[in-house]
Amino acid sequence: MSEFTEFIKIRGASLHNLKQVNADIPVESITAICGPSGSGKSSLALGTLHHESQRRYLETLNPYLAQLAGSANPVPVDSIEGLGPSIAFKSGAFMANPRATVGSISECDNLLRQIWVHGAQLFCPHCNTAIHALNSQQMLLRILAYPLQSRLHILAPISLKKRSLGEIAQDLLSQGFMRLFADEKEYLCAELDAKTAQIIPREVQVVVDRIIIKENMRSRLADSIETALRMGENALWVKNDDEMSYMSVHPQCPTHGIVIHNYHANLFSPHSPMGRCKKCAGTGTIQAKNAKKHKICPECQGFRLKKVLRSSKWGNFSWEELQSQAAEDLQTYLRTIFQNLAPVLHISWQQLQDRLQAMESLGLGHLSLHRPGQNISDGELLRLRLVPLAGGHLSKLIFVLDEPASGLHPKDCASLWKLLQAIQRRQNTIVLIEHHPKLLAQADWMVEIGPEAGEKGGEVLHQGPAAQILANPNSPTGRWLQAPEEVKPLTTTFKGKFLEFSTDFRYLQSLKVKIPLGAMTLVSGISGSGKSTLIFEVLLSLFQEAQDDSDQALGKLLNSGNISEVIAVDSSYLRGNKRSMVATVTDILTPLRRLLASTPAAKVKGYTATRFSPNTKGGRCEACAGLGYLEDPTQFGDVPCHQCLGKRFRDEVLEIRFKTLNIAEIFDLSIAQAAKIFRDIPPVKSKLDPLLQVGLGYLRLGHATKNCSAGEMQRLKLAAELQRNPEKPCLYIFDEPARGLHRNDSRHLLDLMQKLITQQHTVVVIEHSQAFMNAANMIIEMGPQAGAHGGDIINIINRLRQPT
Numbered sequence: 002m003s004e005f006t007e008f009i010k011i012r013g014a015s016l017h018n019l020k021q022v023n024a025d026i027p028v029e030s031i032t033a034i035c036g037p038s039g040s041g042k043s044s045l046a047l048g049t050l051h052h053e054s055q056r057r058y059l060e061t062l063n064p065y066l067a068q069l070a071g072s073a074n075p076v077p078v079d080s081i082e083g084l085g086p087s088i089a090f091k092s093g094a095f096m097a098n099p100r101a102t103v104g105s106i107s108e109c110d111n112l113l114r115q116i117w118v119h120g121a122q123l124f125c126p127h128c129n130t131a132i133h134a135l136n137s138q139q140m141l142l143r144i145l146a147y148p149l150q151s152r153l154h155i156l157a158p159i160s161l162k163k164r165s166l167g168e169i170a171q172d173l174l175s176q177g178f179m180r181l182f183a184d185e186k187e188y189l190c191a192e193l194d195a196k197t198a199q200i201i202p203r204e205v206q207v208v209v210d211r212i213i214i215k216e217n218m219r220s221r222l223a224d225s226i227e228t229a230l231r232m233g234e235n236a237l238w239v240k241n242d243d244e245m246s247y248m249s250v251h252p253q254c255p256t257h258g259i260v261i262h263n264y265h266a267n268l269f270s271p272h273s274p275m276g277r278c279k280k281c282a283g284t285g286t287i288q289a290k291n292a293k294k295h296k297i298c299p300e301c302q303g304f305r306l307k308k309v310l311r312s313s314k315w316g317n318f319s320w321e322e323l324q325s326q327a328a329e330d331l332q333t334y335l336r337t338i339f340q341n342l343a344p345v346l347h348i349s350w351q352q353l354q355d356r357l358q359a360m361e362s363l364g365l366g367h368l369s370l371h372r373p374g375q376n377i378s379d380g381e382l383l384r385l386r387l388v389p390l391a392g393g394h395l396s397k398l399i400f401v402l403d404e405p406a407s408g409l410h411p412k413d414c415a416s417l418w419k420l421l422q423a424i425q426r427r428q429n430t431i432v433l434i435e436h437h438p439k440l441l442a443q444a445d446w447m448v449e450i451g452p453e454a455g456e457k458g459g460e461v462l463h464q465g466p467a468a469q470i471l472a473n474p475n476s477p478t479g480r481w482l483q484a485p486e487e488v489k490p491l492t493t494t495f496k497g498k499f500l501e502f503s504t505d506f507r508y509l510q511s512l513k514v515k516i517p518l519g520a521m522t523l524v525s526g527i528s529g530s531g532k533s534t535l536i537f538e539v540l541l542s543l544f545q546e547a548q549d550d551s552d553q554a555l556g557k558l559l560n561s562g563n564i565s566e567v568i569a570v571d572s573s574y575l576r577g578n579k580r581s582m583v584a585t586v587t588d589i590l591t592p593l594r595r596l597l598a599s600t601p602a603a604k605v606k607g608y609t610a611t612r613f614s615p616n617t618k619g620g621r622c623e624a625c626a627g628l629g630y631l632e633d634p635t636q637f638g639d640v641p642c643h644q645c646l647g648k649r650f651r652d653e654v655l656e657i658r659f660k661t662l663n664i665a666e667i668f669d670l671s672i673a674q675a676a677k678i679f680r681d682i683p684p685v686k687s688k689l690d691p692l693l694q695v696g697l698g699y700l701r702l703g704h705a706t707k708n709c710s711a712g713e714m715q716r717l718k719l720a721a722e723l724q725r726n727p728e729k730p731c732l733y734i735f736d737e738p739a740r741g742l743h744r745n746d747s748r749h750l751l752d753l754m755q756k757l758i759t760q761q762h763t764v765v766v767i768e769h770s771q772a773f774m775n776a777a778n779m780i781i782e783m784g785p786q787a788g789a790h791g792g793d794i795i796n797i798i799n800r801l802r803q804p805t
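For the sequence shown, the positions run 2 to 805 when our numbering is used.
Possibly wrong hints are sitting among the right ones.
[Said to hold, decoys possible] In silico SDA-like cross-links for lysine to any residue, where the CA-CA straight-line distance does not exceed 20 Å:
hint, residue 1, residue 2
1, K606, F659
2, K308, R427
3, K279, F124
4, K729, Q761
5, K314, H119
6, K279, H262
7, K397, L84
8, K513, I780
9, K279, V260
10, K240, Q139
11, K498, N563
12, K397, F659
[Claimed, not checked] What follows is a set of in silico ranges between Cβ atoms, one per label pair, in the way DEER data are often shown:
hint, residue 1, residue 2, range
13, G85, P474, 33 to 41 Å
14, K489, Y58, 47 to 55 Å
15, E7, T591, 48 to 56 Å
16, I795, E487, 22 to 30 Å
The set of hints was computed from the structure by calculation and includes no laboratory data. Remember, predicted model here, so these are calculated numbers, not experimental data. All C-beta atoms in this analysis are idealised placements derived from N, C-alpha and C, irrespective of residue type, glycine included.
Go ahead and model the full structure; you've got the sequences and the hints to work with.
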């Protein structure tokens with residue numbers, strides 16, 4: 002049937018909506034799993050394939066972990082043959098912590114620190130004097146390098162502790178030392194006059210030895226150096242006539258007392274208490290006057306480290322300058338220092354180059370290493386996490402990637418594909434959850450799930466070589482790619498008025514932007530061209546007054562039109578909350594709790610609405626604190642609660658019912674099912690309708706948001722915003738709203754955009770979806786390239802009746 006002979010064979014998978022699915026995935030190939038959003042793609046690839054791989058791996062470890070694996074939720078599947086260890090990257094599931102940067106996520110910083118600490122020169126931040134660290138052997142060789150017959154004093158700096166010169170001299174005499182220098186003058190310890198003995202010196206050095214450089218004095222000098230280091234707390238001075246040379250075991254400036262103890266690579270990490278900036282504790286930001294906002298730390302300028310470390314140099318570049326360079330430019334610098342590297346660092350150097358090259362291949366070459374992880378898009382974040390794999394040498398693994406092409410311009414997809422092929426050629430198996438036409442067309446194998454979402458999905462429609470499926474007239478995906486649906490521009494309420502603003506922030510090149518009111522504007526461009534900066538950093542901040550207490554003005558709002566507020570719809574606010582679920586983030590739970598509390602049975606027991614909340618004590622199961630599961634410390638899976646069996650509530654609360662359903666059974670309803678049951682309850686119906694409009698009818702009310710895809714998260718937020726139904730015109734801005742959507746789902750979303758425009762609202766989307774580009778009333782293309790070579794508007798497509 003095909004050229005593939007070895008397969009991972011999944012039989013009888015029934016997780017979530019999967020209906021006893023049988024699927025074959027060829028080993029050491031690239032397989033694409035496609036289908037409508039909610040059809041069961043993630044349940045098959047992540048919930049079944051990856052989870053079972055993790056469970057089996059855990060069982061091979063020590064007995065304690067094996068016991069945890071046995072108690073974890075078993076994967077509902079009859080069998081999986083040919084399964085190996087797997088690594089999964091789920092879009093939208095990872096959130097960078099406040100200290101995470103592009104360099105730390107890609108693991109470039111670890112390698113760069115190892116190289117840097119061996120060759121960079123430290124400088125005092127006050128006087129710019131080079132400061133060195135030498136061991137005793139290096140000090141010996143440096144002193145022996147003085148010309149023969151040189152007359153030297155070996156001096157040890159003394160801790161003063163506000164003592165008089167006489168007290169210091171007496172202390173030294175008791176230890177057998179006869180001479181000292183105080184404030185650059187030499188004294189005999191036993192011959193101080195009364196006046197001199199009362200002096201409180203600024204600095205004192207004890208004369209450990211007086212030597213003349215000649216042959217055969219290595220042993221004596223080594224002893225003198227050890228004595229001086231002991232007396233001087235790991236530092237000494239060498240006096241040659243009027244010249245003073247400072248040497249220290251630790252990098253140290255003798256003039257300003259700057260000392261770096263235990264100088265090693267980890268000092269250049271913002272996680273190091275000894276190396277990080279004290280003012281911002283290594284985050285790079287401090288709280289602004291507006292408590293909800295942060296600004297760049299004035300002490301470290303966002304670079305997170307102490308100044309003495311930031312100002313260290315190798316050649317013409319400081320650490321600070323190196324961290325500011327784009328990844329593609331950093332490769333050039335690294336080639337210039339290779340000849341000066343010790344052989345032991347050659348492997349680290351090559352690994353760093355491989356990672357930087359991988360970043361460029363993934364459309365991330367414009368990013369600088371010090372850029373905060375929280376300031377890049379979800380798509381960029383997912384691809385950034387692929388960098389260590391692309392630059393590594395792992396083989397015989399299964400990689401499950403959730404929408405790796407998310408947010409990529411068509412020009413960037415070719416580079417992504419080459420990188421996936423490079424990983425696959427190392428005898429790895431790659432499984433993609435993907436909708437991008439180019440990646441689907443290039444895949445070796447395809448598994449198509451459908452036909453629809455939720456209970457109407459969960460079936461394998463077709464599987465086999467991708468080329469055959471795409472040519473199959475019975476394949477929904479094949480028909481979609483062969484004959485894309487014609488989408489016309491949305492009908493606008495545009496009346497010739499614009500939202501106008503200007504900016505030259507970051508790489509944006511003195512732009513003046515006009516957004517038509519009552520229409521949909523689409524912003525496109527290659528990754529890193531400035532789309533998110535223009536819309537989410539500049540435009541959004543201009544309305545939110547984020548410039549207050551800011552070190553840099555982001556732009557100027559020239560004409561706000563009739564906009565009353567800006568509603569930013571992305572996936573960020575739903576991340577990372579283990580307690581949040583569909584019913585809570587959309588506030589459906591509030592009217593449901595009130596409804597249950599109003600039943601006669603609840604009134605008899607005196608139950609209020611709070612009794613039906615899984616987040617408060619009283620009605621919830623306290624064994625799991627209302628989660629329905631016990632958290633697994635190994636992070637390989639959660640263990641079902643043994644007391645409530647996943648129902649979240651106490652038995653007496655579950656006795657309260659509305660139309661035969663208790664609160665746990667209501668949580669188990671899909672949104673579409675709930676809409677039918679509660680169609681006559683306006684407070685509930687009004688919150689369910691927007692979820693149906695954004696195509697999320699298949700999600701269950703109790704579905705945890707941590708298990709949602711990035712596209713589902715964004716549509717959940719959109720639905721929550723639509724519940725407000727603002728009366729005055731608003732500006733809605735979206736970041737890749739079509740992410741993870743099949744064509745049918747995109748159509749539902751475009752219908753919603755049309756509804757917003759009909760209601761006099763203005764819509765701006767960052768998107769590359771062909772359907773959205775066809776529907777847009779205006780397209781603004783950013784470019785021409787990424788980073789410093791981008792930030793310009795290179796094309797405007799105007800489909801409005803009036804000229805712009």
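Verify the proposed pairing of K240 with Q139, using a straight-line Cα cut of 20 Å. It holds: about 17 Å lies between the C-alpha atoms, which stays within 20 Å.
Hint consistency between K397 and F659 [alpha-carbon to alpha-carbon, up to 20 Å]: 53 Å, violated
Given hint H262 paired with K279 - CA-CA distance at most 20 Å: 16 Å, holds
For the pair supplied as a hint, K729 and Q761, confirm whether the alpha-carbon distance does not exceed 20 Å. Since the Cα atoms of K729 and Q761 sit roughly 8 Å apart, the hinted pair holds (cutoff 20 Å).
Restraint status (C-alpha distance of K314 to H119 at most 20 Å): This hinted pair holds, its Cα atoms lying about 11 Å apart.
When you take the CB atoms of I795 and E487, is the distance between them in 22 to 30 Å? Because 26 Å falls inside the window, the suggested range holds.
Check whether the Cα positions of K279 and V260 lie no farther apart than 20 Å. OK: K279 and V260 at ~16 Å, within 20 Å.
Using the C-beta atoms of E7 and T591, is the stated range 48 to 56 Å upheld? This hint holds: roughly 53 Å between Cβ atoms.
Per the hint of 33 to 41 Å, is the separation of the Cβ atoms of G85 and P474 within bounds? Roughly 36 Å apart at Cβ, these two residues keep to the hinted range, so it holds.
For K606 and F659, compute the direct alpha-carbon distance and say whether it is at most 20 Å. 15 Å, holds
Pair hint K513 and I780, alpha-carbon separation not exceeding 20 Å: Holds, because 15 Å separates the two Cα atoms, which is no more than 20 Å.
Taking the beta carbons of K489 and Y58, is their distance inside 47 to 55 Å? 51 Å, holds
Hint compliance for this structure: hints 2 and 12 are not met, and every other hint is.
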